[in-house]
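Chemist: Here's the letter readout for the chains.
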Amino acid sequence: MTGATIPGILSGHKTVVVAGSGGVGKTTVAAALGNLAARSREARVLVLTVDPARRLATALGVVGVEGEPRLVDSSGRGELWMAMLDARQEWDRLIERHAPDKPTRDAIMRNHLYDSITRRFAHSHEYAAMERLHQFQTSGEWDLIVLDTPPSRNALDLLDAPRRMRDFFSGRLLGWLTVPATSRFTLQAFRPFRLVADRILGGPFIADLTDFFVLIKTMEKGFVERATEVENSLSDESTVFVVVTTPEVGPVEEAARLVGELDRRNCPTGAIVVNRSTPRIDGGDRLVESPTVAELRLFERIESPELLARVVDVMYDTLGQMRHAAALEASLLEALPGGVPTVALPMMQSDIADLEGVVELADRLAASPVALA
Amino acid sequence: MSTPLGLLDRRLLIVTGKGGVGKSTVSAALAECAAARGRRTLVCELDAKGDLARILGTDPVDYSGREVRPDLVAMTMDTEQSLAEYLKVQVKIPFLGRIGPLARVLEFVATAAPGVREILTIGKLAWEARESDYDLVIADATATGHIVGQLSSPAAIRDLVRLGMIRHQLDWMLELLEDPSKTSAIVVATPEEMPVVETMELVGRVRDDTHIDVGAAVVNRVLPAPFTAAERPVFDTLAAIAPEEDCSPPGFFSAVEATTHALRRREVGSSHLRRLREGLPKGLPVLLLPEIFDAAATHGGIDLIAAALAAEANW
Ligand SMILES: Nc1ncnc2c1ncn2[C@@H]1O[C@H](COP(=O)(O)OP(=O)(O)OP(=O)(O)O)[C@@H](O)[C@H]1O
Ligand SMILES: Nc1ncnc2c1ncn2[C@@H]1O[C@H](COP(=O)(O)OP(=O)(O)O)[C@@H](O)[C@H]1O
Ligand SMILES: [Mg+2]
Ligand SMILES: [Mg+2]
Chain W
958 MTGATIPGIL SGHKTVVVAG SGGVGKTTVA AALGNLAARS REARVLVLTV
1008 DPARRLATAL GVVGVEGEPR LVDSSGRGEL WMAMLDARQE WDRLIERHAP
1058 DKPTRDAIMR NHLYDSITRR FAHSHEYAAM ERLHQFQTSG EWDLIVLDTP
1108 PSRNALDLLD APRRMRDFFS GRLLGWLTVP ATSRFTLQAF RPFRLVADRI
1158 LGGPFIADLT DFFVLIKTME KGFVERATEV ENSLSDESTV FVVVTTPEVG
1208 PVEEAARLVG ELDRRNCPTG AIVVNRSTPR IDGGDRLVES PTVAELRLFE
1258 RIESPELLAR VVDVMYDTLG QMRHAAALEA SLLEALPGGV PTVALPMMQS
1308 DIADLEGVVE LADRLAASPV ALA
Chain U
849 MSTPLGLLDR RLLIVTGKGG VGKSTVSAAL AECAAARGRR TLVCELDAKG
899 DLARILGTDP VDYSGREVRP DLVAMTMDTE QSLAEYLKVQ VKIPFLGRIG
949 PLARVLEFVA TAAPGVREIL TIGKLAWEAR ESDYDLVIAD ATATGHIVGQ
999 LSSPAAIRDL VRLGMIRHQL DWMLELLEDP SKTSAIVVAT PEEMPVVETM
1049 ELVGRVRDDT HIDVGAAVVN RVLPAPFTAA ERPVFDTLAA IAPEEDCSPP
1099 GFFSAVEATT HALRRREVGS SHLRRLREGL PKGLPVLLLP EIFDAAATHG
1149 GIDLIAAALA AEANW
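Protein sequence lines correspond, in order, to chains W and U.
Residue numbering for the first sequence follows this note's numbering, beginning at 958 and increasing consecutively.
Residue numbering for the second sequence follows this note's numbering, beginning at 849 and increasing consecutively.
Don't take each hint at face value.
Estimated spans, in silico, between C-beta atoms of each pair [as the list claims (entries may be wrong)]:
| hint | chain 1 | residue 1 | chain 2 | residue 2 | range |
| --- | --- | --- | --- | --- | --- |
| 1 | W | G1295 | U | S912 | 36 to 44 Å |
| 2 | U | T1108 | W | E1260 | 20 to 28 Å |
| 3 | U | P1138 | W | R1267 | 14 to 22 Å |
| 4 | U | A1088 | W | A1284 | 23 to 31 Å |
| 5 | U | D1027 | W | S1261 | 28 to 36 Å |
| 6 | U | A1087 | W | E1186 | 54 to 62 Å |
| 7 | U | N1162 | W | E1260 | 35 to 43 Å |
| 8 | W | E1025 | U | T1108 | 41 to 49 Å |
Everything labelled a hint here was simulated from the structure, so no lab data went into it.
Glycine is no exception: its CB is placed at the ideal position from the N, C-alpha and C atoms.
Isolated chain U (complex conformation) (with noise of 0.2 Å):
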């Protein structure tokens, strides 16, 4: 349990997981750990809404990305931009201007070829991890129900494309997606039914659909024990206090009732995180993030969650 969690040495990390569990939120934790540990880094969020940013506490930042701290750099996608930086800089095409509307044409392509949104976002990012100064490429990707066809794109599309300039390309990217040593998936999920049953079909479609290592799993949002074992008994008797023979002091059994709720939460997160770690392949390292209270309202939510995430990763 001692050994430090090898993530940060990767150059490529795809954090995923279901809508709304904390994928931003694990990916500033992880930029953070990785750019304060001397790593250089750069983060992206995949789908464009901002929540990277404002998580990271700065203003939204675009495709060509901005250093938001020292070695930090954190961009958004764009799959136009990605289209256009494409052609021109590996295609060379001398006369882009005159293909139209790139917009239209690639919401077009997009929607009648599969997987050309998908190959156009991971071959930025690996060309970023592979090409530029970088250490660390991480992403902050898309939910669960889109990530698998974006991780199995490149594979997909050599199947499809028999010929073309771009199988080459295809070559170099699975050697770097595929490789567990330079790239992982982390997969997020809070303790609660939906996210969990999520995760252990995404884990196990993952390994079967792609060849790409799932490096942790990630709970967060975990609610943390109350009480010591030596406590809870105390508060059992406290809570059968009847209010009939009520001789307590002001608001008491609004804090039972309170405290009562707050456990039997906890009790129900505790069943659906052992559910989780039962389906998780043996040996999966499972990293645990306690719920920060108030974290939207208070800046300095990241700091304590990049805090949490390098004690558990013991890095």
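Chain W extracted, bound-state conformation (with noise of 0.2 Å):
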């Protein structure tokens, strides 16, 4: 993997999925990516980002039109295309498409515990990616799809959500609250089960919960190979994963989990961005003393000789924070896998809050040395 370049890794396949822990620039890295990605090729490049930053998100004029890609610069030699993910949206287009009839979508749709459920299902946000990526990719209308992912407690539910959608469904549970309580098919064994929940939870609310669960069953099928589908789809060797760390203790190690999982999933790495790094100074690698009131004599202009002393006391002082930031960084970074190409971006001075900012972090994305880690 020696000479991987972030470019070269952009043009060898068709979809990035870019992961890492909350916060660490995710959205960010993906937009710039993207961008990456779109200027330096003819390519239709789609971005399908979740939850980005206010200011980004108006600034490329992506809000408000949730869940349909939109153009969001042409400048270059492709094009950069955006789509924000809508979960509760792609819910609705997931019974849409599995229900067996339009009665029964109706139903779901219209039953009451739908919205919760769908909105806490467990990991129903990271099944929705899946799915809608999925979608784009099978579409055969973008040459490059970098999926952001949604925040995660743990960055790897996204991989784990069609499996857990395939044992939802396949799970006994499930059988035995669909069977109605009276059948005699009920199993002894559950009936215990049911004496306690009609207890705590009374009995009306499990009536109501069962009809539910019975019309989500008649789409089982469906959500079953869907998600088998959604699931090969990132194995395939098309697909590269981006992994996006800062330098801090936590998102370190989840990246560095994330990693080994990847790997044990047959899905390559093919970078790791370590971003929102201190700025390496030039010439700031050598220890310096601040220096004394007597070599600062030639700074004549400035008139209090205790003022001057206290400013540079403090400005060699941050260049020390800074410095001893970096090598604390530096060790930390340490903890990631080795073999994997590893990028620094640096801490910009200011928020990446509009294209500019975007096509900045990807200018530095380009040129940023690749180092294995």
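Dock the two chains into a complex; use the hints.
Modeler: Listed below in structure tokens is the structure:
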């Protein structure tokens, strides 16, 4: 993998999944990767994003058109499109697709449990993201799709979402719950559970729940097949993962775990991006003592020597702190798995709130040396 | 400004905020402050990541909890154990062993019935705050996306479940949660764009969707001002020296560059902080905690933060 560059990784794949723990800059890096791809070759590039920072989303014009791709930049050789994901809307689409008939579909969408279940269904956002990605992949309209993943406690939730969906349908409890309580098929073993549930939650609530899952069960086949397809597309060789982290303990640990887990599932990590690194100050790598007042005599334009000495002390302290932070960061990064190309992106002086900021970050991505962690 | 904030006199404090902003750090600091002032305190990490114990400088803690300092007990939430405890203590189920592997049942029921996990979490906290001999229970809660669902779960379930013994339990739970002299949420942010936006939204949603009091906003990792008003112009003069007229000591221009970067980051942070202050309800206390350089590497970081918190809140 030596010689791997970010542009190289981008041109060698059709799907780039950007993963990592929350707040590290996944959305920003996804936009920068998309920008880099779209300006360097004639390609239609789609960045599929979730919860972008408000100012960035507004600046790029993707607010209010959730779910539909929107052209955000065509000044390069290719086109950069962006779509914002809306989990609830994806669930409606899923029901639409898999419901056996219109009455079932309407009954599900009208059920008062539908709303809270799709919003809270374990990992419903992750599944929705996977599902939408698959739709765009199979549409044939895109040369490259960059998927920005939803914020989750555990970045692996994303990979597990399709399997969880299958497990949910194949679980015995769903079977039990969807058999009427009076049926002679109700398993003996399920009776105590039912009694407890009735006692704590009350019979009517359990009945509501049962009604809802009887409806959901009609879609089992479609859901399970689909989940398998979505899962397979992740380990396809045209898909690559880019793992984003910041040089902090928690995110680095998460990134290392993620890379290891991806490896176990035969999904290659193309690169690790260490975002928001302390910038390297040129010539700042020598240890320098703050100069003495005598050395400072040359700055004659400052009247008060005490004031001057204090300011210079602060400046050299700040430099020392930055250098110390950079060294600390470097030692933290040793926890990253070896053999994966790693790129550092500096903490910029201000937030990345518009296309200009994205372009600047993309420039850095293209120019940063790639090291093997 | 001189009256101490009454947060430590509550029974239950729920600390929330965007991922990574310092919820566990602030929970630990609050707990240290309370315990040091003689309140018997339970601090509970809800998401079982183990950060809380690490920050407190102690071995991992589990659901049963452990006294890590005098008057300070730390524990980790586990909804499966909370369910088992509930069934045993409250429902007095004689055939607990026969309802099968509890983990699987819970996994399924929690997926199916909205709010089950949430209620098991909030229920345990409320129960400890009401029934145990703790003066104060502090919850190191989950990130913003989930918290409103968690906080509103008792009310939501009360609307869904028309019968069943859980109704009575919900009544006393809500009484505790919705009394601002007993329960407050504390929202943590950092002076950055996303955390600030999420915090303003969250405070609005807690007010609109729950009846739970927001007691304070804590802004963590505020960069200290490097220069006084008198020093700043001196730096500006120095920064204007061009490398061509270089007659400066070694490292001078690197120091200028580093300081310029730090000043710029601080300005960006200050503008986010201003926006947060403007966007929060009037009268909501905003407590600032400094960035501790090297906090993760040097233990004792939490003592510094607890001291800063106590100074800000006037405890
Ligand atoms: N005031 C501070 N100065 C320096 N570093 C800090 C400060 N507060 C928190 N940190 C660091 O920031 C990181 C995240 O803090 P913490 O674990 O408390 O956040 P959290 O909100 O609980 O995160 P999560 O959402 O993942 O639970 C930790 O590495 C911690 O050491
Ligand atoms: N290299 C960087 N320098 C400065 N700010 C950054 C950088 N990368 C990201 N940010 C800022 O950090 C915030 C969070 O980034 P975002 O991409 O939304 O994170 P995530 O998608 O992982 O939650 C945004 O305000 C963004 O502008
Ligand atoms: Mg994001
Ligand atoms: Mg935490």
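Chemist: Does each hint hold? Answer for all of them.
Modeler: Hints, one by one, checked against the model:
Between G1295(W) and S912(U) the Cβ separation comes to about 39 Å, which falls inside the hinted range of 36 to 44 Å. Separated by about 23 Å at the C-beta atoms, T1108(U) and E1260(W) satisfy the suggested range of 20 to 28 Å. Take P1138(U) and R1267(W): their Cβ atoms lie about 20 Å apart, and the range 14 to 22 Å holds. A beta carbon spacing of about 30 Å between A1088(U) and A1284(W) agrees with the range 23 to 31 Å that was offered as a hint.
Against the hinted window of 28 to 36 Å, the Cβ-Cβ separation of D1027(U) and S1261(W) comes to about 57 Å, which falls outside the hint. Distance hint for A1087(U) and E1186(W): a CB-CB separation of about 58 Å, consistent with the stated range 54 to 62 Å. Remark: the range hint 35 to 43 Å for N1162(U) to E1260(W) is upheld by a beta-carbon distance near 40 Å. The hinted range of 41 to 49 Å is satisfied by E1025(W) and T1108(U), whose Cβ atoms lie roughly 42 Å apart.
Comparing the model with each numbered hint stated earlier shows that hint 5 is the single one that does not hold.
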